[in-house]
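Visitor: These protein sequence lines map, in sequence, to chains Z and W.
Start counting the first sequence at 1; every next residue gets the next number (the working numbering).
Start counting the second sequence at 1; every next residue gets the next number (the working numbering).
In short, the hints are calculated from the structure, not lab data.
Just so it is clear, the structure is predicted and the values come from calculations on it, not from any experiment.
We put the CB at the ideal spot given by N, CA and C, even for glycine.
You may find that some hints are simply not true.
[As the list claims (entries may be wrong)] Listed next, the stretches of chain Z that the computed footprint assigns to chain W, with coverage defined by at least 3 CB atoms under 8 Å from CB atoms of chain W:
#	segment
1	3-13
2	31-44
3	51-60
4	103-112
Next come the chains, spelled out residue by residue.
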Amino acid sequence: MIPAAFDYTRPSGVDEAVGALRDGGEDAKVLAGGQSLIPMLRMRLASPTTVVDLGDVTEMRGVRDDGDALVIGAMTTHDEILHDPLVHEHAPLIAQATETVADRQVRHLGTFGGSLAHADPAGDLPSVASALDATFEVAGPSGRRSVPASEFFVDYLTTVLEPDDLLVSVRVPKLTGWGTHYEKFNRVAQAWALVGVAAAVRRSNGSVAEARVALTNMGPTPVRAYGVEDALTGTAATEDSLAAAAQRAADGAEPSSDPSASAEYRMHLATVLTRRALQAAGGA
Amino acid sequence: MTRVSMTVDGVSYDDDVEPRTLLVHHLRERLGKVGTVVGCDTSNCGACTVMLAGKSVKSCSVLAVQADGADVTTVEGLAGRDGELHPVQQAFHESHALQCGYCTPGMIMAAVDLLSENPDPSDGEVREGLEGNLCRCTGYQNIVRAVRDAAASMRGTVPTAQEPAAEASAASTASTASTASSPGEPASQGVTT
Ligand SMILES: Cc1cc2nc3c(=O)[nH]c(=O)nc-3n(C[C@H](O)[C@H](O)[C@H](O)COP(=O)(O)OP(=O)(O)OC[C@H]3O[C@@H](n4cnc5c(N)ncnc54)[C@H](O)[C@@H]3O)c2cc1C
Ligand code: FES
Ligand code: FES
Numbered sequence: 001m002i003p004a005a006f007d008y009t010r011p012s013g014v015d016e017a018v019g020a021l022r023d024g025g026e027d028a029k030v031l032a033g034g035q036s037l038i039p040m041l042r043m044r045l046a047s048p049t050t051v052v053d054l055g056d057v058t059e060m061r062g063v064r065d066d067g068d069a070l071v072i073g074a075m076t077t078h079d080e081i082l083h084d085p086l087v088h089e090h091a092p093l094i095a096q097a098t099e100t101v102a103d104r105q106v107r108h109l110g111t112f113g114g115s116l117a118h119a120d121p122a123g124d125l126p127s128v129a130s131a132l133d134a135t136f137e138v139a140g141p142s143g144r145r146s147v148p149a150s151e152f153f154v155d156y157l158t159t160v161l162e163p164d165d166l167l168v169s170v171r172v173p174k175l176t177g178w179g180t181h182y183e184k185f186n187r188v189a190q191a192w193a194l195v196g197v198a199a200a201v202r203r204s205n206g207s208v209a210e211a212r213v214a215l216t217n218m219g220p221t222p223v224r225a226y227g228v229e230d231a232l233t234g235t236a237a238t239e240d241s242l243a244a245a246a247q248r249a250a251d252g253a254e255p256s257s258d259p260s261a262s263a264e265y266r267m268h269l270a271t272v273l274t275r276r277a278l279q280a281a282g283g284a
Numbered sequence: 001m002t003r004v005s006m007t008v009d010g011v012s013y014d015d016d017v018e019p020r021t022l023l024v025h026h027l028r029e030r031l032g033k034v035g036t037v038v039g040c041d042t043s044n045c046g047a048c049t050v051m052l053a054g055k056s057v058k059s060c061s062v063l064a065v066q067a068d069g070a071d072v073t074t075v076e077g078l079a080g081r082d083g084e085l086h087p088v089q090q091a092f093h094e095s096h097a098l099q100c101g102y103c104t105p106g107m108i109m110a111a112v113d114l115l116s117e118n119p120d121p122s123d124g125e126v127r128e129g130l131e132g133n134l135c136r137c138t139g140y141q142n143i144v145r146a147v148r149d150a151a152a153s154m155r156g157t158v159p160t161a162q163e164p165a166a167e168a169s170a171a172s173t174a175s176t177a178s179t180a181s182s183p184g185e186p187a188s189q190g191v192t193t
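With the rest of the complex left out, here is chain Z (with noise of 0.2 Å):
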């Protein structure tokens, strides 16, 4: 099908980016990599007045290297993201995720800002943020602000974000010394996760010494695992125990039933992908 008709703006820098959505109201979208929002539009799913274009704002791509932390552009590509070696070198939990992300062309135009912001229950990227204890940098009409992963995403495909808020950069800080892992469970012809696991397991004399274990598709918004988490700090960091840490992963989850999963297999899935998750990022 053909999108409804739209006014399109493509600004050069985020303020002016910021003042297009204002200026185009309640009805103004921002289109990054499109590769979410075209399909939407396409099927007359979104039909916005504005569409603001952020193909030009060069400052919100990149990565670049802040001390303990990286910034992540929101309009950095998965496929930038795949050829960065800071990424590789400060976090891998990044560039392995974005990897099991669609397929070459889509991950050409999608943006890591775009996945964060789409906030799809199914989307590999926001928990892996949420594991990371990430901070999403916000640009709106009253200025900058910082909003930490667990109060970013908010509902099925809602996030923090107001109509006239840009997601500019993401901080994600450096793991040193972590062991980390994406699990991610899909049907073969189509990469979206049924279920995905983001772990980060810091070792230290052989026991746990901290962990963070997120969750993919386990629910509207992606899940922390904090019993887990709990389970798992201070203990032996053997097989034995990283799997029965890993039996709390559904703990108070809610996820969906679809036709390709139910809850209680989403539930099942999410406490085997846990323990090879955890075995990955922490096992001896």
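Could you slot chain W with the ligands onto chain Z? The hints should help.
Guide: Quick look at chain W with the ligands alone, frame taken from chain Z:
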């Protein structure tokens, strides 16, 4: 209407387009580039794949206005001026990598993109690399074979055509004849000895 300039298959075009126009519709309906096809409404099938600024994209999921100032290559731009097929096209032809042919323009463009990054992919890497392209006919076996044959021919390790050309090269040096391993070549080795 928004003014859009782009180079498509080596020719530059300037057009006024509606911002909602998808790149694939612009290519087909305005520029007559009907080699690129639409196979789905969900960005899944990859039949519409073209190169935008040197990278594969699904042209049904790009607005024409986003391609302003860019260089676009469609399947129609791959062959040489004299009509000589691109090695990937040639390999699809030789390996019977198509049945109805509907997925072929996108498959070929996706394969060209993959080989530009990985000139020697394994079977698994070809399958992974083409995961954005669906084929309802072939079962993919021959597509994978064609992409690997094309890769070999682009690396210059195996002659694509096994007929007369092999004879000439085998005749040129003795070592070529003795290392020839492709099944099509024993006959020409006989000629040199
Ligand atoms: C066939 C296919 C398979 C896919 N498979 C996967 C998969 O396996 N895993 C996965 O995680 N994703 C998958 N995706 C989604 C893909 O990752 C998209 O790139 C991503 O969801 C959206 O990024 P985008 O840059 O294209 O955003 P767009 O489509 O441009 O925008 C998406 C939404 O976010 C808003 N937005 C975008 N950027 C900003 C910003 N900077 N500030 C404020 N709002 C913004 C837009 O207004 C829009 O509402 C798939 C997509 C397709 C088409
Ligand atoms: S037509 Fe573009 S992906 Fe199917
Ligand atoms: S040959 Fe028919 S869809 Fe691939």
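Visitor: Does each hint hold? Answer for all of them.
Guide: So, going through the hints one by one against the coordinates:
no.: 1; hint: 3-13; result: holds (count 7)
no.: 2; hint: 31-44; result: holds (count 8)
no.: 3; hint: 51-60; result: holds (count 3)
no.: 4; hint: 103-112; result: holds (count 6)
Consistency with the previously given hints is maintained throughout, with no hint failing.
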